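Listed below, chain by chain, are the residues.
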Amino acid sequence: MLPIFILLTLLVAAISGITTIPFSVGLLAVITILFKKSWVFFWAFGLGLFLDLILIRPLGYTSLVLTIFVLFVFLYERKFETQTLTFVFFSSFLGSLGYLIIFGYNIVLLQSFVSAAIGVLLFKFLWLKLGPRSETT
Amino acid sequence: MGLSAEGETFMKRKTGFLPAFLVTAFLCIVLLTLSVSGKLKFLSFLEKPTSAIQSLSYNLFQKLPFFTEDLKIKNLRAENLDLLRRIADFEKLKRENQALSDQFQTSFPPSYNLLKADIIGAPEFIPGVSKPLSLILNKGSKDNLKVGSAVVVKDNLVGIISQISTNLSKVNVINNSSFSFTAKTENGAVGVVKGGEGSLTLNNVLLSENIKSSELVLTKGDINQDGIGIPADLIVGKIKSVEKNPSDLFQKAEIESFVNFVNLSAVFVYIQTK
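Top to bottom, those sequences are chains A and B.
Sequential numbering of the first sequence, starting at 1, is according to my numbering.
Sequential numbering of the second sequence, starting at 1, is according to my numbering.
Treat the hints with caution; some may be incorrect.
Said to hold, decoys possible - Listed next, with one range per pair, are the computed distances between beta-carbon atoms: (1) B:222 / A:102: 24 to 32 Å; (2) B:44 / A:121: 31 to 39 Å; (3) B:38 / A:102: 34 to 42 Å; (4) A:103 / B:143: 38 to 46 Å; (5) A:124 / B:33: 35 to 43 Å; (6) A:90 / B:126: 22 to 30 Å; (7) B:72 / A:1: 47 to 55 Å; (8) B:226 / A:102: 28 to 36 Å; (9) B:263 / A:11: 20 to 28 Å; (10) A:1 / B:226: 52 to 60 Å.
Unchecked claim - Rough simulated footprint, nothing fancy, chain A against chain B, three-plus residues with beta-carbon under 8 Å: (11) 21-29; (12) 166-179.
Said to hold, decoys possible - Non-contacting residues of chain A with respect to chain B, defined by C-beta distances greater than 10 Å in every case (computed): (13) 3; (14) 9; (15) 83; (16) 87.
Calculated directly from the structure, the hints in this document are not laboratory data.
Since this is a predicted model, take the numbers as computed values, not measurements.
Glycine included, each C-beta is placed from N, C-alpha and C at the ideal position.
Put together the whole structure using the sequences plus the hints.
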C-alpha cells in the first residue's frame, strides 16, 4: 500500500505547479487517518519542503503548516471516531481552508470543498482496499 | 494497573506522536529561520530537480488536447499582439517627436535587455480555465533577475517579479489583487490599475478626464533609483467599460488584457544592462 501513497504524493507535488487546490492537505489527512503513525509527520515535512522549493516559499514554511495540520488530526483522534467519511471531509475542508488563507489564495471556500471531496473519494477507495485493519498495521 | 488491551494501545498512541511532532516542528522552525535570514542559498541545487518535475508536468498539461488553444486562434492572437505593439511604438514615437520639437532636448533612459524565461508553473484554481494569479519562471537571481522587474510578452505587461530564488522566480500577474501600478490612456488620462479576482480596473481617474471604451491603456512608468520597475508605454489592455458617476470623486474603467495567460509558455523579463 505504501507505493500507492508514494506515487500519490509525487503526483500531488507535481500538480501543485498547475493548480492551487491543496490536494496535499487532503492526502495528508487520509494518510494520517488511515495509518495513525508518527512517521506521517516526516511525510508532511518532506512534502512541505518539496512545495516550498517549487512555489518559491521560505524553506520550512509549508512543512510547518502541514505538520501542525497533522498534529490537529492526531489530537482530534482522541475525541472522535476518525475513520469515517464525515471526519475525513471536515478535517480536509478545514485544513485546506487554513492552508489557502495562510498562503493568500482566492476562492478559498470552493477550493477547500473540492479538496475535501477528493479526500473523501480517496479515503473511500483506500478504505475498501485497506479495510479497518490499517489501524494496527 | 488493570488497563484493558484497548486502553494500553490508546495510551501508547497518546504519547507516541508527540516526539515526532516536536522533532519535525523544530526542524521546520530551524529551516525557516535560516531560510528567511538567507543562509540556505547553498541548497539552491535542490531547485533543479524539483523545477524539472514541475516543468515536465506543466508542459504535459499544456499539450493536453482539451486545454490546447486552436492553432488558428493562437496565430490570430499573436498577430493581434504584434499589431498592438506597433501602435504603442507609434504612439511613443509621436510623443518623443513632440517633446523634441517642443523642447529640443532628449533624455537618455537606462538601457534594458529582455531575457526570455520559460514558464514552468502557473497555479490556478481550475487549470486551463481560470486565469493564473502567479507564474513560476525557470530563471532566478543567477540570471540577473531582480524583485520588481517587469515581465512582458510582445510589449504587453504580464506582471512583475515578486519573489526570487537562485534558479527560479515568481511573477505576480497583473490580475493579482496584490498588484497595482500607475497607467495612462491613449488620451493621457492617468489612473491606478488594480487587479482583483482575475479582472483589471483602472481606478482614480479624474471625472474631468475623458475615457472611453476600446481605448488602449499603457503603463505610465514606475522605475526606482536602481532602474528596476515597470517601464513606460507597455500595453496593459483596452478599456471594456467605463463607470462614471457625477457624485463620485473619480471614475473607473474595466480593462481587458490582450494576453491569454492560460496558454502562455514563455515570457520576457526586463533586465538592466547599464
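Inset, instruction - With respect to the beta-carbon atoms only, verify the hint that residue 222 of chain B and residue 102 of chain A lie 24 to 32 Å apart. - result: Given a distance of about 30 Å, which is inside 24 to 32 Å, the answer is holds.
Inset, instruction - State, for the Cβ atoms of residue 38 of chain B and residue 102 of chain A, whether the hinted interval 34 to 42 Å holds or is violated. - result: Violated - the Cβ-Cβ distance for residue 38 of chain B and residue 102 of chain A, about 22 Å, lies outside 34 to 42 Å.
Legend entry - Exclusion check [residue 9 of chain A not at the chain B interface, CB over 10 Å]: Fine: 12 Å to the nearest Cβ keeps residue 9 of chain A off the interface.
Inset, instruction - Given the range 47 to 55 Å, decide if the beta-carbon distance of residue 72 of chain B to residue 1 of chain A lies inside it. - result: For residue 1 of chain A against residue 72 of chain B, whose Cβ atoms are near 48 Å apart, the range 47 to 55 Å holds.
Legend entry - CB-CB spacing for residue 11 of chain A and residue 263 of chain B relative to the 20 to 28 Å hint: holds (23 Å)
Legend entry - Distance restraint hint 35 to 43 Å, applied to the beta-carbon atoms of residue 124 of chain A and residue 33 of chain B: holds (40 Å)
Inset, instruction - Given the hint of 38 to 46 Å, check if residue 103 of chain A and residue 143 of chain B actually sit that far apart at their C-beta atoms. - result: This hint is violated: roughly 26 Å between Cβ atoms.
Inset, instruction - Between the stretch 166-179 of chain B and chain A, see if three or more residues pass the 8 Å beta-carbon test, and mark the coverage as holds or violated. - result: holds (count 5)
Legend entry - Consistency of beta-carbon spacing, residue 102 of chain A to residue 226 of chain B, with hint 28 to 36 Å: The hint (28 to 36 Å, Cβ to Cβ) holds, given that residue 226 of chain B and residue 102 of chain A are roughly 31 Å apart.
Legend entry - Whether the CB-CB distance between residue 90 of chain A and residue 126 of chain B falls inside 22 to 30 Å: holds (24 Å)
Inset, instruction - Taking the shortest Cβ-to-Cβ distance between residue 83 of chain A and chain B, state whether it exceeds 10 Å. - result: holds (14 Å)
Legend entry - residue 121 of chain A and residue 44 of chain B - C-beta distance against the hinted 31 to 39 Å: With a Cβ separation near 37 Å, residue 44 of chain B and residue 121 of chain A satisfy 31 to 39 Å, so the hint holds.
Violated hints for the displayed structure, listed by number in ascending order: 3 and 4.
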